[in-house]
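Engineer: Each chain, letter by letter, is given below.
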Amino acid sequence: MATSGTIPPATPVGVLNTIETGHEDIIHDAQLDFYGKRLATCSSDHSVKIFRILSDGSHQQTAKLNRHEGPVWQVSWAHPKFGSVLATCSYDRRILFWQEKDDGSWDVLHEYRGHTSSVNSIDFSPPEWDLTVACASSDGAISVVTHTPTGEWQEKKIVNAHDIGCNSISWAPPHNPQFLAPGMVADPAPVRFVSGGCDNLVKIWQRDEMGEWKNIEVLSKHSDWVRSVAWAPATGIVEEVIASGGQDLSVIIWKRPFETTEWTTVVLPPFSDMIWHVSWSLMGNILAVSSGDNKVSLWHEGTDQAWDCINPDVHGTAEPVQTPNNTDN
Amino acid sequence: MSFTKISYPVEIDHHSKLELHSSPNDKYEIASFTPVEISVFRLETISLSDLKVSNLPLSLVSTRPTRSYLIDPTATAVCVAWKPDKNYKYIFAVGFSNAKVILLNLSPDRKLDIPTYINDIFQGGGFKRACTSMAWNPTQPNYLAIGYPKIHKPDQSLRIWDITKLTTEGNNSLYPVITTGHLNALSWVADSAQHLVYSNLGGVGLYDFSQAQLGKHNKSKVINGICTDNLSKLYAAGYCDCRVRVWSLEAFNPNFFSFHTQHPVVSICWSLLRHSTLIVMTSYPEIYQLTLPRHESGIINAATTEEGVFYPTPNGQQSHDFARNLISEKLHDIHIMHPDSRFTFLPHPTIVSAIIILLPSTQSSPPPTQSSTTTQSSIKSKFLQVILHSHTVLAMSPQGPLARASDINLSLCYFPHHLSPADTIHRRIQAGYCFSPVTNLRVCTDMGSMGEELVALWEWLGSMETGLEGRGHGMQLGDVMLNGLAANVLCLIQTNKHDYEYCDVSPDPIGDRGVSPCWHYSPNREMSLRLLGWLPSGIGDDLTERLLSENKLGKAVLQIVISESNTGVRRAIQLLRKVASSERDASIAAMALAGYPSCLQNKYWIETCINQATTLTDPYLRLCVRILYSHYSDLYNIIRNEHIPANDKFILACSYLSDKDLDRFRTDLLKEIETKSLLEGLFLTGLGTRGIPIMRKYLLESGDLLTVCILSSMTLKYSLDMGSLVPPEISKLIDCWWGCLCDYMDRTRLWKERCRLQIARNKLLNQRPPDDIANAKWYIQCGYCGKRISGDDRKELRGRKLASIHLSTEKNVSTSGSCCPSCYKPLPRCVVCHRHMGSSAEHVPNGTGVDSKPTDDWITWCQTCGHWGHSKHLSDWFKENTCCPSPCCSCQCIWNDK
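Line order of the protein sequences matches chains A and B. Per the UniProt record's numbering, the very first residue in the first sequence carries number 1; after that it's consecutive. Per the UniProt record's numbering, the very first residue in the second sequence carries number 1; after that it's consecutive.
Treat the hints with caution; some may be incorrect.
Think about it this way: if two alpha-carbon atoms lie no more than 30 Å apart in a straight line, the pair counts; the simulated DSSO-like pairs of lysine-lysine are [claimed, not checked]: (1) B:Lys879 to A:Lys81; (2) B:Lys27 to B:Lys233; (3) A:Lys64 to B:Lys27; (4) A:Lys255 to B:Lys671; (5) A:Lys221 to B:Lys697; (6) B:Lys221 to B:Lys100; (7) B:Lys552 to B:Lys676; (8) A:Lys37 to B:Lys879; (9) A:Lys221 to A:Lys156; (10) B:Lys825 to A:Lys101; (11) B:Lys100 to B:Lys17; (12) A:Lys64 to A:Lys101; (13) B:Lys763 to A:Lys81; (14) A:Lys37 to B:Lys752; (15) A:Lys101 to B:Lys879; (16) A:Lys64 to B:Lys233; (17) A:Lys81 to B:Lys752; (18) A:Lys101 to B:Lys752; (19) A:Lys81 to B:Lys787.
Worth flagging that the hints you see were computed from the coordinates, not collected in a lab. Owing to the predicted nature of the structure, the values given are computational and were not obtained by experimental measurement.
Whenever a hint applies, use it, and build me the whole structure from the sequences.
Structural biologist: Structure, rendered in C-alpha cells:
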C-alpha cells in the first residue's frame, strides 16, 4: 500500500485504498469536499457518513448523520466560505442542510419539504451565487433554495420541469471568459444549471433579471431516461461542455463555443449497460462514466476531438480511438 | 437489466443433490455438499494491487477446494450442518439415510486437540429412520437439532442433542419432541438458544425450547426449506414449489406475506448484509429479492407519510406494498448455458447485491474412485458471481484521487501521473517553477521524463531572453516573444548573394548524389540559431560542455557540426571517441563521421553509414549521420520526420535547407505546430495572438494550467513592454486562466505557493494588488461597543493576510489593555498566554525571545471555532497538538490546515 502520499507510479488507475464505510446498504453517492479532504457518502440504509481522508489515503469516519427516513440519494458540499455545510436529498422527499458544529457534530441547519415525491439529485451552486442549492425531484419539479446573506431561506420552484420526473442536476461554472474583463463590472455571469429527466431531455435553465428561472435550451438526443448530467468545470477552455448519460446506454458530450448558439455533440462509443453516473475531473479534462454493469471508464479528449478511453481494459465495446500520436509504434 | 458476473470452474462432481453452505465461523468460506463429499472453498480477498478503478472488488472463489472429505462413496449422506465453533472451524455433522449421524473434523491441523466427540457416530435413539434435516444451535454450539420422518404415530420427529454428552445408546437427546408429522426442515432463530422454526407435513411451527413445548404452529402445505433471517432476527421464510412464504417471528401469524414465483423455487437465503432481505432462486434460474420492513431494535423504520407507510426495496426504491418491493430478474445466460440444472446459491459475504451461484456440472463424471482420469467432455461445475441492481458512483477530488463507491464498498483510486495535474503543479511550484525560464528548465529536467516539450520550450525561451537582452541588433525581445521568429527573422531570411552557401566541400562530389549538405549562412539564420540556443550565448559560454553536462551527447555533437561545419566534424569525432568505449551509439556515429568528407565518393560507405544510422537510438546522432550522407532532396523529409522538438527541427532546416525549401519547411512546421498544438512551437508563432490558441489546445490536452498561466502572463508582460494592446478577448481569456489557477490552488491548499506566484506575477506585470486589497484597512474593534481599540487611526493596520493582523505592542492600546477603553468591558485573551488582546507575545515567561520574528506579535484565529491567540503561541501549540488550546473547545483546528 502506498504511504505518505507517494503515488504508485506504474498503476494506470490503481486503487490506493479501500474504505470500510460500515454502510449496511448500497451507497448511492460519494462526494469530496472543496479541498478533497472529506468524503461524504449516502446510502439506502438512510444514513449519511463523513470520512476524513488523510494524505496517505487512509481515512477515519468523523460523523454519521441519521435524520433521513428513506434512502439518501445524493450529497453535495457547499463552498467552504459558507462554513462546513452539506446538503442531502432523500426518498423521504426532504432536503436537509447540515452544518458542522465546533465539536465536530452536525446539526440540521434547514429542512426543505417542497417536493411531493422523492428528491433524486442535489447540487450546490458555485459560491458566487450565495449558498444556493438546486434539486431535482421525481415529481417533475426542480427547486432552487438560497440562503441569502441576510439569513433568509428563499425558495423557487420550477414545476413540471421534466415530465414524469427529474433525475439529475448540475450547475454551470461561473467563470465565463465572455464576462471576465479585468476591472470591468459589466454583465454578470449568467446563472445557469442543466437538468436531465425522464422525458429523455436535457434542459438548460437560466435566471432572469427578475430572479425567475427560464428554460433557455432543450437538448434532445437521448432516446431513454437521462440519468446523469454534468457541466464541465471551467478551466479556461473556451467552450461550454456538458456530459449526459442515460438508460439508452449512451453518453453524449454537448459542446458549444462561447458566443455561439449551436451545440455540437460527440457520442461516446456505445456502452453495454445503462449509464448511472457521469462526472468531470476538476480540471475538466477527464470524464468518468459508471455504467450499470459496475464498470467505470475514464475518457479523455485527444486531438481531433476524438475521445479516448484511458482505461480500455474495462470497456469492452468501446475500443480506444487511435490518435495520430501513437500510430508510429 | 443485465448483470455482471465472473465465473470459475471448480472441481465438484455431479450428483443428484448439491448444496452450498456458508461457514458460521468465517464469512469468506463456503462448503459444497453432495451425498458423496464435502468440499470447503475459500473466497480469496483481492490484493490492492489487483484492484482497478474499473471493477467491483468481487472476491474470487478458489477453484480447488481448500479441503474436502469423501463421506461415503455409496452416496447415502442426506444432510449436513456446519458447526459454529471458534476453535474448530471445520466440524460438520453429516446425516445419513440410515439414521446415522457422523461428526467430522475437516481441519488439516492434526496438532489441534480434536474434541472427543469427533468421528462419533450416533443414531437417532433406536429408530432406524433417515435424518431429514439438521441444525446447530447458534448460541449453544454443542446443541444439534435433528429432524426425522414420522412412521408411527408416537415417533419423535425432532430431537435436540448435546453432542458432548453422547452415549453409545444414543438415546439421551435433550429434548425429544413429538410433532405432528414428518419433519422436513428446521432452522434455529439467530442469537437464541431457545427458539427453532421447523416445518413438517402439517405446516410450520415455532418451537420454544425454554418451555420445552411447541410454540405457535401454522397449518400450511408442506414447506421445504426453512431459513431464518440471522441479521435482523425478525423473519423466517420457507418455500414449496412456486410459493414462498414469510413469517414474522414476533407474531408468527399464518399470512404475514407470501408470493408466487414463475418457476419452482430451488433455494432461499436471507441476505448476510442487508437487513430483512430475502433472496430466492428458482429453477429457471430466476432471482427474486424481497426487502421486508426494516426493523431497528424492534421498531419498523419505515417512512410514514400521508400516503401510507413506505418500505425500502432492494434497489433502493420504496413502496407501501410488500409485493411492489419484490424485484425479480431472469438469468437468461445461465439458462441457456445450463438448462434443466439444479442450482444452488449463497449471498455474497461482502457485496450486498451479489450472489454466488454454484452451477453443477452438466454431465455425470466417473465415480470418485476413478476421478483421477477425468473425461474430456464433461463440463465442470462452476462458481458464478452475479451482481444485481447495483451501481457505481464516483467522487472526483482536486488532488487527483477519486473515490469510487459501488454497492457498499468504497475505494480511493489514483489517476495516472500525466492525468493528475494537481500533483505536477504542486511539485513544480515547490521546486520554484515560475517566470524564470532557466529555473523552469531545471525543474523540468529534474522532474525527469515528464514533458519533453516543456524542456524544449524553456530551453529556447531562456536562450532567447539572454540572446536578445542588451544587444544592438535591431530586434526587440518583446517583439520576438510576441510575434515569434516567423514574423521577425524569417522575413529577412533571404541569404545575400555573397554569403550564399557557405560550403567547403566540393559542390558536387559524386555526380548524381547531388550536392552534399551545404551550410547555408545568413545573418538572420545565424540569429535564429543564436536565439534558439544553438550558438553560445556569449564569451565564456561553453555550449558543448553544458549540453554534455545535461547528458545530451547527440545534441552536443550535432550542435558542433552545425556551428563549425567541416572543422566541427573533426571535433565531433573527438567528442564521440571519449565515450565511444561505453556507448554503442557513440562508436557507430564516430565511425560514420570519420569517413566524412573523405569517403563521400564511396557509395557503399555511404549506404552502410545511412543503414547504421537507423539503428542509433539517439535521434540527434541519427540525424547528424543521415544529414551528412544523404542526398539533398531527402534532407527535407529527414528533418521533418525525425522525433525531435519543433525548435530543433527548425534549426536544422535553417542550417541545411535552401531559402525556397526553408520557406516551405516553415509553412509546414507552422501548420504542424498549430494542428498538434506543440507548445515548444511557440518560438515560431510567438506568445501573442497566434500562440494563444496553441496554449489553449495544449491546456485542453494536458491540463497543465500552470505552464499556460505562466506563458500567458509573459504575453501580457511583453505586450506591456512593447506598448501594444492585447485584444480584449485574449486578455479576458488570460485572466480567466489565472482565475482558474488561483481557484485550483485554493482547492489544493497551495495557499503559500499561490501567494508567491501572485507576487511574482504582479512584479512581472508591474502591477499593484487591486485597490480594494491594497487600501484595505484593518483595525480591532470592541465586540461590545463597536469602538476601535487600536487608538491611533494613523497606525491602522493594512494589507495583512486575513487571519493574521499585526497588533503593535501595548502602547497603542490606550488603556491598561485588559478592557475596552470605551465601555470598559474585558477584552478577549490569547488562548495560550491568557494575556489580553494588544499585549506582546514576548511577555510570556516561556518565550525565548531569541528567534523572535516580526510576526510573533500578530494575532491569528481559527476560522472554525474563532478562538484566537498570538501567532507565535498558536504555532508553538499546534506543533504538538491538534486540538484548540481553549480547554472548553473541542475544535480540531489543525485539520483546517492539514
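Engineer: Give a verdict on every hint.
Structural biologist: Checked hints:
Proximity of lysine 879 (chain B) to lysine 81 (chain A) is assessed by CA-CA distance (about 26 Å); at most 30 Å being required, the pair is judged to hold. A distance of roughly 18 Å separates the Cα atoms of lysine 27 (chain B) and lysine 233 (chain B); the hinted pair therefore holds under the 30 Å criterion. Among the hinted pairs, lysine 64 (chain A) with lysine 27 (chain B) is consistent with the structure: their alpha-carbon atoms are about 26 Å apart, no more than 30 Å. With a CA separation close to 25 Å, the supplied pair lysine 255 (chain A) and lysine 671 (chain B) stays within the 30 Å bound.
Among the hinted pairs, lysine 221 (chain A) with lysine 697 (chain B) is consistent with the structure: their alpha-carbon atoms are about 28 Å apart, no more than 30 Å. Distance restraint check for lysine 221 (chain B) and lysine 100 (chain B): the Cα-Cα separation of roughly 28 Å lies within the 30 Å cut-off, and the hinted pair is therefore satisfied. Distance restraint check for lysine 552 (chain B) and lysine 676 (chain B): the Cα-Cα separation of roughly 26 Å lies within the 30 Å cut-off, and the hinted pair is therefore satisfied. Taking the CA atoms of lysine 37 (chain A) and lysine 879 (chain B), the gap is near 20 Å; set against the 30 Å cutoff, the hint holds.
Under the criterion of a C-alpha separation no larger than 30 Å, the hint pairing lysine 221 (chain A) with lysine 156 (chain A) is consistent with the structure, at around 28 Å. Between the alpha carbons of lysine 825 (chain B) and lysine 101 (chain A) the distance comes to roughly 28 Å, so the proposed pair stays at or under 30 Å and holds. The suggested pairing of lysine 100 (chain B) with lysine 17 (chain B) holds, with an alpha-carbon distance near 18 Å, which does not exceed 30 Å. A threshold of 30 Å between alpha carbons decides the hint, and for lysine 64 (chain A) with lysine 101 (chain A) the separation of about 14 Å falls inside it, so the pair holds.
Between lysine 763 (chain B) and lysine 81 (chain A) the CA atoms are separated by roughly 29 Å; this keeps the pair inside 30 Å, and the hint holds. Between lysine 37 (chain A) and lysine 752 (chain B) the alpha-carbon distance is near 18 Å, which keeps this suggested pair within the 30 Å criterion. About 24 Å separates the Cα atoms of lysine 101 (chain A) and lysine 879 (chain B), which keeps this hinted pair within 30 Å; it holds. Distance check on the hinted pair: lysine 64 (chain A) and lysine 233 (chain B) sit about 24 Å apart at the alpha-carbon level, within 30 Å; holds.
Note on lysine 81 (chain A) and lysine 752 (chain B): the hinted pairing holds, with a Cα-Cα distance of about 18 Å set against a maximum of 30 Å. Between lysine 101 (chain A) and lysine 752 (chain B) the alpha-carbon distance is near 28 Å, which keeps this suggested pair within the 30 Å criterion. For the hint linking lysine 81 (chain A) to lysine 787 (chain B), the alpha-carbon distance of about 27 Å falls within 30 Å, and the restraint holds.
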